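Chains as they are written, first to last, in this note's numbering: chain A, 7 to 536; chain B, 15 to 378; chain C, 95 to 634.
Please note that the accuracy of each hint is not assured.
[Said to hold, decoys possible] Dumping the calculated BS3-like pairs for lysine-lysine here, alpha-carbon to alpha-carbon at most 30 Å:
(1) A:K227 x B:K300
(2) A:K215 x B:K335
(3) B:K233 x A:K316
(4) A:K370 x B:K255
(5) B:K269 x A:K18
(6) C:K413 x C:K553
[To be verified] Facing chain A, from chain B, some residues (calculated, C-beta under 10 Å):
(7) L145
(8) T191
(9) T235
(10) V274
(11) F282
(12) A349
[Said to hold, decoys possible] Just so you have them, the derived chain B footprint on chain C, three or more residues with Cβ under 8 Å:
(13) 323-330
(14) 470-482
FYI, nobody ran anything at the bench for these hints, they're computed from the structure.
Please read all numbers here as calculations on a predicted model, not as lab measurements.
Each residue gets a CB set at the ideal place from its N, CA and C atoms; glycine is no exception.
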Amino acid sequence: MTNSIEDLAKAKAFLIIGSNTTEQHPIIGAGVKRAVRRGAKLIVADPRRIELARMSSLHLMQRPGSDIALLNGLCHVIIREGLYDKAFVADRTEGFEEMKAVVDKYTPAYVAEITGIPAEDIQAAARCYATSKPAAILYSMGITQHACGHATVMAIANLAMLCGNLGVEGGGVNPLRGQNNVQGACDMGGLPDVFPGYQKVADPILRAKMETAWGTPLSDKPGLTVVEMMNAAHTGKLKAMYIMGENPLVTDPDLNHVEEALKRLDFLVIQDIFFTETAALADVILPAAAFAEKDGTFSNTERRVQLVRKAVEPPGEAKPDWQIISAIAGRLAGDKGSWEYDSSAAIMAEAAAITPQYAGISHKRLENGGIQWPCPSADHPGTKILHLGKFSRGLGKFMAVESIPPAELPDAEYPLTLTTGRRLQHYHSGSMTHRVAGLNTLLPEERMEIHPADAEPLGLADGDMALIASRRGQVTARVQRTDRIKPGVVFMTFHFPETAVNLLTIAMLDPVAKIPEYKATAVRVTRVRS
Amino acid sequence: MTTLTINGKTIEAPGGTILEVSQANGIRIPTLCNHPALAPKGACRLCLVEVKGSRVLQPACTFPISEGMEVQTESPKVRAARKFVLELLLSDHPKDCMTCEMCGNCELQDLIYEYGVKETPFVGDHHEYPLDDRDPFILRDMEKCIHCRRCIRACDEIQAVNAITMINRGFRSKVATSFDTRLQDSNCVFCGQCISVCPTGALTEKDSHGQGRVWQTTKVTTTCPYCGVGCNFDLNIRDGKVVKVTSNWNNPVNKGALCVKGRFGWQFLHSPDRLTIPLMKSSLWKEHKGTEGAPSRYEGFVEADWETALDAVAKGLLTAKSEDGPDAVGILASAKCTNEENYLIQKLARREIGTNNIDHCARL
Amino acid sequence: MTLKELERIRAKAQKELAVRGVEISPDSELKPPRPGEVRVVLRNCGQIDPERIEDYIAKDGYFALYKVLNMTPEQVIEEAKRSGLRGRGGAGFPPGQKWFFARQAVASRPAPADGTPPAYLICNGDEGDPGAFMDRAVLEGDPNSVLEGMAIAAYAMGATQGYIYVRAEYPVAVEHLQTAIPQARRLGLLGKNIFGKGFDFDVDIRIGAGAFVCGEETALIDSIEGRRGEPRPRPPFPAVSGLWGKPTSVNNVETLANIPQIFLNGADWFAGMGTEKSKGTKTFAIAGKVKNAGLIEVPMGITMREIIYDIGEGILNKKKFKAAQTGGPLGGCLPAKYLDTPIDFESLAAAGSLMGSGGLIVLDENDCMVDVARFFMDFTQDESCGKCPPCCLGTKRLLEILTRMTQAEGTAEDLQTIEYLTENISTTSLCALGQGSVNPVVTTMRHFRDEYESHVYKKFCPSGVCKGMFHYEILADVCNGCGVCRKKCPDKVIKGDKKVVHEIDLPNCIVCGDCYKACKFDAIAIRPGPTPKSRLPERR
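If we strip away everything but chain A, and leave its shape as in the complex, we get (with noise of 0.2 Å):
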């Protein structure tokens, strides 16, 4: 997030696009429920009537794929109209006309076909957003979980730099993200193209220094993304594997593909809390410690880095992972004592030295609450607002973008469009909210959500058994009828591993963010007769 989670509540607007807030990060979407009540405008654009639409000024209801033509479409009737920001726009961007050339012929009329939203909502939408101010963008995976997802991103960025919403309280654009601590995991250089602190590996000045922090020449190539590492491993160019607190043969995309790939594996460690589906395929399963079995911390969201305290012992001999980790890389260096660490402080003290963004950041000084990166001093307070007054890059630059369709369109064979999501009562692949009886009472199975226009002609009711297909594999789930979504569109979650959606979704990449198009699958539906 460019903004912080408490700015939400001074902005006069919201975009919210590919997130369905109120349940997949229910605080947030509890403030912006608060700030609508008082007063602030809502715009909700996604193909299924989530909670916030009901209490939105407008409900856009685009096909899954179609983010950028809406975006550019909105740009559109914000210049044509002369809405934008024209201060913000001449004194910190670069690159206007050029996105004004590529936007010039995304007319409401244009969008609306593509889109499938009326051009007087998305005329509307663009002067709702243009003229509240700050305006607050929110997204989520319904964004960047698309071939084009990068791109899309940046036609958000476009959409608030035209309105000068960057820099300002109760604006930004605010990817929410969706795990505790993927903001932390992508920090700390859990990425294959950068080290901690979004430092590139190609970069040799920046490489050179890590070489010196860490004592030995390093690669320079970049490495592979997971989906690629399991298309590596299915053609026998990746051997070994070790994966620490993922399920990927529930999370990842085109199931079968990935079963196949961890099979073909000359070795596999897991090391996780729970004996999970990709554990049954592993060589080694290293017991870890849960979140309140050890010391640490995880970066939300809005870049605050926030101690977790160990609370509890272990269960048995689990270990936390920060231990088992340095004890296998000892014994990979062949010096256990180069990788003895004596608390997990300790291991922060090491990272934020070679983290300009962590470097201010200790655990001494989170013991008093937590600090929002870039922090690059022990005396800086920490950042609440990005691009304050500057850009990191200077100045601000529009990047056009032409809407790409998503990889897979429904035809004749594959008629309908699935659509995958969280709900509020699971998470990820659940092998913790399983655990948790309550809240198997609350949601017990997988529904797909199907409109009664689509379900009709299937002979579907509410309650029946669908098999649902796509190119790469088939899953039966039970229907809920429903007019919260789009006619064409059905929605399932990845919550249950019995229902497992992946197994029809297609592993293609966004070119540069190099994720899989989970929001966007060719599917059949037919009824299983029981």
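Please arrange chains B and C on chain A, whose structure you already have, making use of the hints.
For chains B and C alone, coordinates are given in the frame of chain A:
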């Protein structure tokens, strides 16, 4: 600045209510319906004070201060009025503190004690409602409800859900969902904010009953393991086990609010399914140790000691590296693990294996 | 709409009205004025067709509004204050003062940027006192007088939107308002730029769902906002922060219906009626044991005796007056010694009662004051919103004690507990409902303590109301043996030959009271002690 006197003491304050100004000046006024996270309501009449010139007693929580105001917070009249209100509340409250989950953590109990209400002079009806355990997580014992409406306000002001309200009027009024249904049948999202603000044992955490009194537990503040919002909460610990999650009101992220997973989704910690010992594929164990090994509860796996397991991991990874090069090894970090752990595992990949094949499920 | 047009409509309507006349529907509640009455608020009721705005204009309707729009709001407030008009909803707060505070509040804040009204005017038509129907009569019979009053009030305080909050139990009032509002809009008397003076004002109806407490202005505001109606503590007063946090004036129907007349005839005219501190007229709904019950409008300062004996024509069945309950369930019961007290805000308050909205229930010697107190407590307890313990639980405890007393189970301690409860409920309750709920108990305890003591110590209800606490006896020296009681007795337990003194077979008498009511010669007396078959009454 406004100058007023409270209990004869001259006080200067920039503004606010009598309660706020009193608290800022170390003068305690009892409250029941007031909660720092909620807008004042003036309902419970416990914070009544004497304001000179006012015909009736005034609630300190809503009454704004004004220049020259003279306030008495502990006069005999005020104390008598509070005792009267407590006597009324006690006349319709079960006297089962011995077994009540909230004993020792109950604001009503504390005030009854402080005001020495041994017995109520009022005999009459009291509410008889069955214990409502029809829902997961939230146990509703409406006989213990004192109608302070904190739960209703939390549901409205914090969560903006409005699943519960008062129904009926007079003595029959009751906190309930519309048509008094189960919470599951309302738009309740089971965030439990209602429990976090309930001053008595009317709303409690169902799964924590009998697990420990407030003085038997310790609290550890930590960060939620679920979504990316990063809410803080307090784990309540007794005998080395988490027994409850309670709100931590002092952090800027969630200010005490939680969702159903954050507040109630902690049971997995003590699940019997937790991995407690390293496991190795039976064949791998045999390869390393030459024995069959101790069978585990998972088919095809034997229980291993840490040394053997770690050695096997190192060997497996090094074999791939030495045979096919560092890029034949792939490592997945975790969005569930701490920053420190993610830092270490990428350092392991880059420094010890020599590959940048490090990623995690950020994109999933 | 211009003055010329309004005058033209008036001239035409007056002619039509003269020719057509109005068929006054027979109304048992609103009879033609009786001597002693002065009709200001009710002047048009029954005299015009309430569904024709032209009829109202024929009676100079909306001329006051025209006049007002040529004054400054400050002048309007000044004139209203000078008239001495006080709120007719119960508390008697001067409406001019309310508008003044609201106007100040509007001036102290920036104009709303979102196009919402800067302030609201609310007409409180949630008339809930049992037996009171003054507001209903006005809303049904002359809705335009209320609309005109609202427009004037809105202009004075700075509101552009008004709401009339009416009980759902008044369907005719709602219907007539639903007719009147569009008619006024069509003539430009509501809406934008009224009389071309740049004043915008419109009115919508909000229908209450039958909660007595919504007559309390802050609860009423909650209700309009779509919440459950519950009083809010004050401050902040609605004039500062009311409906949706905006400055709001809540004025009663009768108050507003007075406004046009004050501006047509001048403040001096209005101030010429009534007493020093209570000006103008007041409507009353007389009910109970009075011969000529119904709706009346009298000048302030008239005595209770004049109302009951002159206008009301005295007590039914030659019974003795015992008390008058004024001010509804939150008012008090005044005994005969107050019959010559002038009826105005101060005098009634001094006597421990209230003006209230104008309910007046006359009680005679066969009304038990403990039971009356119990009745009102039952009402208030039922209508308590449940927000504050003194009202929600305190009235319940009072009701339980009073119920016990009327069931011969009262104790000496109960008398003390009543005093403890009433004293504390009145000082600790949140709103006027809780604070006033004890008034019927307090006044009956004060003026009829002997009846309470009789109930407690003798287990005797001297008024013959509380079943199981008395029996009947035929007085041998009065009975002339007419036989009426014997014929009326449902259980045939009265024996006696014609022209011979009758006798009740007490062990078999159920104490139904039919004989007592039937006896024309006062030969049947109420005596202490139950009969075996006098069953306890069913109580809720």
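Going through the hints against the structure:
no.: 1; hint: A:K227 x B:K300; result: 37 Å, violated
no.: 2; hint: A:K215 x B:K335; result: 25 Å, holds
no.: 3; hint: B:K233 x A:K316; result: 11 Å, holds
no.: 4; hint: A:K370 x B:K255; result: 26 Å, holds
no.: 5; hint: B:K269 x A:K18; result: 22 Å, holds
no.: 6; hint: C:K413 x C:K553; result: 24 Å, holds
no.: 7; hint: L145; result: 17 Å, violated
no.: 8; hint: T191; result: 15 Å, violated
no.: 9; hint: T235; result: 6 Å, holds
no.: 10; hint: V274; result: 6 Å, holds
no.: 11; hint: F282; result: 4 Å, holds
no.: 12; hint: A349; result: 4 Å, holds
no.: 13; hint: 323-330; result: holds (count 5)
no.: 14; hint: 470-482; result: holds (count 8)
Checked against the numbered hints given earlier, the structure breaks hints 1, 7, 8 and satisfies all the rest.
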